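> Sequence:
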Amino acid sequence: MASVGYGAPLLEYSGATGPLVEDPEFNLLLENSQNLIHKVLEAIPGTHRSCINLEILVLNSTVENQKLQYMATNLGIHSPPTLKALADNFTLETCLRHMSEGLQLHQDLLRAVQLRLATTENLTSLMTDIRDLSIQIKKMLRVVKAEVMLQPTATTLTSRLTGDYQVQVAAHLILVQLQSFGQNIVRSLRNIAIANGERDDTGL
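Just so it is clear: in the sequence shown, position 58 is 58 by this note's numbering, and no numbers are missing.
Hints in this document: simulated from the structure, not taken from any laboratory.
The structure displayed is predicted, hence computed values, not measured ones.
Virtual Cβ for every residue (Gly too), placed ideally from N, Cα, C.
Treat each hint with caution, since some may be false.
[Claimed, not checked] Computed Cβ-Cβ distance ranges for the label pairs, DEER-style:
#	residue 1	residue 2	range
1	G46	K145	19 to 27 Å
2	K39	T91	25 to 33 Å
3	T128	N89	33 to 41 Å
4	G197	V58	23 to 31 Å
5	R131	P45	16 to 24 Å
6	T73	P24	42 to 50 Å
[What the hints assert, rightly or not] Restricting the straight-line Cα-Cα distance to at most 27 Å, the calculated cross-link-like pairs of lysine-lysine (DSS-like) are:
#	residue 1	residue 2
7	K145	K67
8	K84	K67
9	K84	K139
10	K139	K39
11	K67	K138
12	K139	K67
13	K84	K138
Please work from the sequences and hints to get the whole structure.
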């Protein structure tokens, strides 16, 4: 069932499996990714204000957003893959793949609503940052010798945007979900940095 994900905060990496990747390129890509995801998260509130003109749609209103879950299902807004703390059953490769797949999902969803919104300058800039982050994550996958074989996400969202209200709600729900997923990406990248013996002082 399609729903907007509000995943629980990730546990921090325990250090049980030791350093993951001894490669300077990987650490540079990791640092770039950390900077980009913070840029994405910082841009979401401004993008929301510029795109959403219905006063009832508030970005950080947990109760109201939970009430809109049925709309997410009806519109076909799928949840991104789960991100968890690194462990033997949730490896670095799996973590990076889930990040990449989730970013692809949000790119496709945002693209579906972009043409139906009156103001898109901030949204276009946000989508560019998501694309740049996705590139960095895919490069990390290549460093760990993992094949990158992502296909565009199949979505029925475009056909379900039958009016301005549906467009507004869809854009709102996608940005809410992206914010939650982005916060989990921050935690996942921090876990990876800790596993590699790096420090992350960016918070969240």
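> All hints are to be evaluated individually against the structure, with a verdict given for each.
A quick look at each hint next to the structure:
no. : hint                      : verdict
1   : G46 with K145: 19 to 27 Å : 38 Å, violated
2   : K39 with T91: 25 to 33 Å  : 27 Å, holds
3   : T128 with N89: 33 to 41 Å : 35 Å, holds
4   : G197 with V58: 23 to 31 Å : 41 Å, violated
5   : R131 with P45: 16 to 24 Å : 20 Å, holds
6   : T73 with P24: 42 to 50 Å  : 45 Å, holds
7   : K145 with K67             : 42 Å, violated
8   : K84 with K67              : 26 Å, holds
9   : K84 with K139             : 21 Å, holds
10  : K139 with K39             : 19 Å, holds
11  : K67 with K138             : 35 Å, violated
12  : K139 with K67             : 38 Å, violated
13  : K84 with K138             : 18 Å, holds
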